[in-house]
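Protein chains: 2
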Amino acid sequence: MKVNNIIDTFLNPKSVAVIGASKNPLKGGHRILKNLIANNFKGDIYPVNINSTGKVLGLEFKKSVLDIENDLDVVVFYVPNQSIPTILEECVQKGVKGAIIEASGFEEVGNKGLELRDQIVDITENFSKIRIVGPNCMGLTRIDGDSDNEDKGGFFTSFLVFNEYKRGNIAIISQSGMLNGGYFTHLVTKYPYLGFRYICTIGNKMDLSELEFLDYFLSDPEIKVIAMYLESFKDPRKFIKLCEKAKDLQNKTIILTKGGLTSQGQKSTISHTASLSENSKLTEATIKQSGIIQARNFYDLFEFARTFSWMYATNKTLPKHGGVAQIFGSGGAGTISADLTMQYGLKLPLFKEETYSVLVDLFPEWMPPNKFAFVDIWPALEKAMTIGINPGDIIRKVYATLLEEPEIEGIFNMLFCSKQFRVVNDVNYLIDIISTYPKPVFLFLVGEYDEVRLVTQQLSKHSIPSFSNLEDMVKNFRILLQDSNKKLIK
Amino acid sequence: MKVNNIIDTFLNPKSVAVIGASKNPLKGGHRILKNLIANNFKGDIYPVNINSTGKVLGLEFKKSVLDIENDLDVVVFYVPNQSIPTILEECVQKGVKGAIIEASGFEEVGNKGLELRDQIVDITENFSKIRIVGPNCMGLTRIDGDSDNEDKGGFFTSFLVFNEYKRGNIAIISQSGMLNGGYFTHLVTKYPYLGFRYICTIGNKMDLSELEFLDYFLSDPEIKVIAMYLESFKDPRKFIKLCEKAKDLQNKTIILTKGGLTSQGQKSTISHTASLSENSKLTEATIKQSGIIQARNFYDLFEFARTFSWMYATNKTLPKHGGVAQIFGSGGAGTISADLTMQYGLKLPLFKEETYSVLVDLFPEWMPPNKFAFVDIWPALEKAMTIGINPGDIIRKVYATLLEEPEIEGIFNMLFCSKQFRVVNDVNYLIDIISTYPKPVFLFLVGEYDEVRLVTQQLSKHSIPSFSNLEDMVKNFRILLQDSNKKLIK
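Taken in order, these protein sequences are the chains called A and B.
Number 757 in the working numbering belongs to position 39 of the first sequence; there are no gaps in the numbering.
Number 967 in the working numbering belongs to position 249 of the second sequence; there are no gaps in the numbering.
Isolated chain A, as found in the complex (with noise of 0.2 Å):
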């Protein structure tokens, strides 16, 4: 079998059934028939427990898959680690082609753990008669529609509910089971307009692992971003040469948190899914290799996600050299912005003679512009106000100045959010110039923290990042930079 053959199967399958579904809704078994139910599963759902009769959710328990009649693609286990292998050798038995198991208790727990990891090589055939994805994961997630459309909902195995969600170009490989769990309603609540098309929960990777996933993911067009966290590598040079691949795509870009790069960390990953993680030299080197994004958390590797996500969907151009203009209301701020943004490799250009003759005359004359890409706006402002022209026409001028030299290839901008202020810093006229250009252009948001919710809800809705960090901000930016640069250099 084609291994995207399989992936597929995963992913798309027309039937599915829950061994060990349950009528008990604090059961995980019960919470993944819902998440499949809820969400509009499309393909046959069966619920399955030897111990229980008649319906749950409106549907036949049955007793075991071998009382199912019509063809079986894929199984959901939610039962206790011992009880497998005998169910397993029934779906072996019913032509069942891929087994999701959620349990835990195998390699991560010793010996006892190995011994029904060494039973289910058997059953499987060594994984030739059915493949595995786990155990010990939160199970797969497609989303084919927004939670609050019409055609919401895919195909949802976590034993979590999702309620909330929306479709995107954004593909999640994990060995952590939060990422298709707590975490993941976590980005949903947080980014609502953030977009994910799968989520694969990989566990303890007993057959399949990251390299068939993100194998199938580097030939979907849809998928543009490939998030993951890995306690291990299955095999590094086989993740390097896909990851290679990914450079020759235009628009792919593999985003990695690796687990387990110190001692206490690899402690960790061993009870967690048995991974013997590789300590932080060999994944740097691995991840160089690959020329891949490393985010050192979960936080990071989302905000990455999400600016890379949103870059690719409205079809901005990536920097090449790192020249940035910043345009700032306050000193304060903008000196360490210009600190961080030196620190993390990117420039400030200094301004070509005509940029700055148009600059000059926007500004009052006791207060000149900076002759480097660093504009504090104020006096541009507070000269407009003074004889009667709209401040939103000097940002537009100032913006449209900058974005067409062509040593500044994106742009921060400090807004300030208030309710007081709200017409003065209406940001409508700001996403119309943002839109426009295909240059990033990156928002550090202050004021009222509700306001800047408010603001950082409105430019999500036009993809356009905001932050309340000046870090984050512009460490998101050189993300950028890297990524366009690996590309380069193949």
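Heads up, some of the hints might be wrong.
Note that the list lumps identical chains together, so a pair holds whenever it fits in one copy or between two copies.
Stated by the list, open to error - Derived DSS-like pairs: lysine-lysine, alpha-carbon spacing no greater than 27 Å straight-line:
{"hint": "1", "residue 1": "Lys1115", "residue 2": "Lys985"}
{"hint": "2", "residue 1": "Lys1137", "residue 2": "Lys752"}
{"hint": "3", "residue 1": "Lys963", "residue 2": "Lys1204"}
{"hint": "4", "residue 1": "Lys985", "residue 2": "Lys1038"}
{"hint": "5", "residue 1": "Lys752", "residue 2": "Lys1101"}
{"hint": "6", "residue 1": "Lys870", "residue 2": "Lys1137"}
{"hint": "7", "residue 1": "Lys1137", "residue 2": "Lys745"}
Think of the hints as simulated: they come from the structure by calculation, not from any bench.
Go by the hints and put chain B onto chain A.
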């Protein structure tokens, strides 16, 4: 005049005049007046404007400070730079003790500004006749009572009117006006349970600088945390000496964000506050000798300030060796946290025999706890629920066991926040335990965004720090260690 006396006058004046007061609510001179009145300044307030007559906000305009009959402690200038010398002469004649000059257009604009500066030096007889805060600043704030209390208010001279604030143990000294403006608004709405006592923006520090304010706050027992933003050191030696004084005081922590570490940042500080900023090496050396905490950006500056403020407010014992325990429900988050813990120089100690045996009893046989201070609590909770024990009791027991082990100096605890699971994740009992023990406990929150915010506020009320980025959590614990170690090595 003793330095502390003049700072005392600036922060606690009995009378204040606003030069440039205006009837026009869009003008800064109007808003400064409003800020004083709306926030119940208890002394006399005089609006002064040579071009105005009648009343503003219920107060009679004066043409000049010389028209004021009573003594005048402090004047606030909100008039164009050019008109300042003449008025300042009148202030000297009147015997005003201090002037806060908010106008810009001095040293930072070059020759014309330097001429103005020289005039001011002459008029003030080298600042012997009247002391200056600024120019190019956003005034001073003293908070006497919370904004939602009857005794709200204090002394407010920013041209941004503040409506929300809480009195507390933090003092800010800043060369950026933003910290007594839009960014302060951000802080008080982001951290509604974080209290501040003073905010002092010092601008170009033509006369008074960070040194005098720092000295003043070091001798004020109410101030525990001094958060600073500087673009240059007025006198590095004196600065170091003052900071060394803080080491001898048990309950003082100084945190500094320094602008102008790079050549781009230095260009910026020159045009902002005319500061010839020290580069990163000199700054590093000064900070190292000072034994203070450095924050790379404003976000960290105030996360750190919050952490210390709350540790002092709840009388927590700061870690001395860096031993910490983590209680996590996700192996992935736990792994990254373990890695970060080590990367930041902290450690997860091995349990003592007794401690481990207590934990073993709480865990199911198939999933014993780790032998080092990384507790995946989920199996213990499952066991509890199976045998009908309240999961809260287990959490309490785990906490108590960990917090009683001497090598463990604090806890990192992950919490999943979800409306669905609110009953399971009731944080009140957690708050009880955390408040009982003198060791710091930091929480990492994931789950639904609004629910995360709700829990954040619940914890904040009790001065318990929470984070949605693992690295922030670890970094904030790390600085506690750094601070307590600096105080040990005198």
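For each hint, the structure was consulted:
1. Taking the shortest Cα distances, lysine 1115 and lysine 985 sit within 27 Å of each other only across copies (24 Å), while inside one copy they are farther apart (56 Å).
2. For the identical chains of this complex, lysine 1137 and lysine 752 are inter-copy neighbours only, at 17 Å across copies versus 42 Å inside a copy, given an alpha-carbon limit of 27 Å.
3. In this assembly of identical chains, lysine 963 and lysine 1204 lie within 27 Å of each other by CA distance solely inside one copy; the values are 12 Å within and 50 Å between copies.
4. With identical chains, the CA atoms of lysine 985 and lysine 1038 are at most 27 Å apart between copies only, with a shortest distance of 24 Å across copies and 40 Å within one.
5. Only between protomers do lysine 752 and lysine 1101 lie at most 27 Å apart by alpha-carbon distance; the minimum there is 25 Å, versus 61 Å within a single protomer.
6. Within a single copy, lysine 870 and lysine 1137 get their C-alpha atoms only as close as 35 Å, which misses the 27 Å cut-off; across copies the closest is 22 Å, which meets it.
7. For the identical chains of this complex, lysine 1137 and lysine 745 are inter-copy neighbours only, at 17 Å across copies versus 46 Å inside a copy, given an alpha-carbon limit of 27 Å.
Checked against the numbered hints above, the structure breaks none of them.
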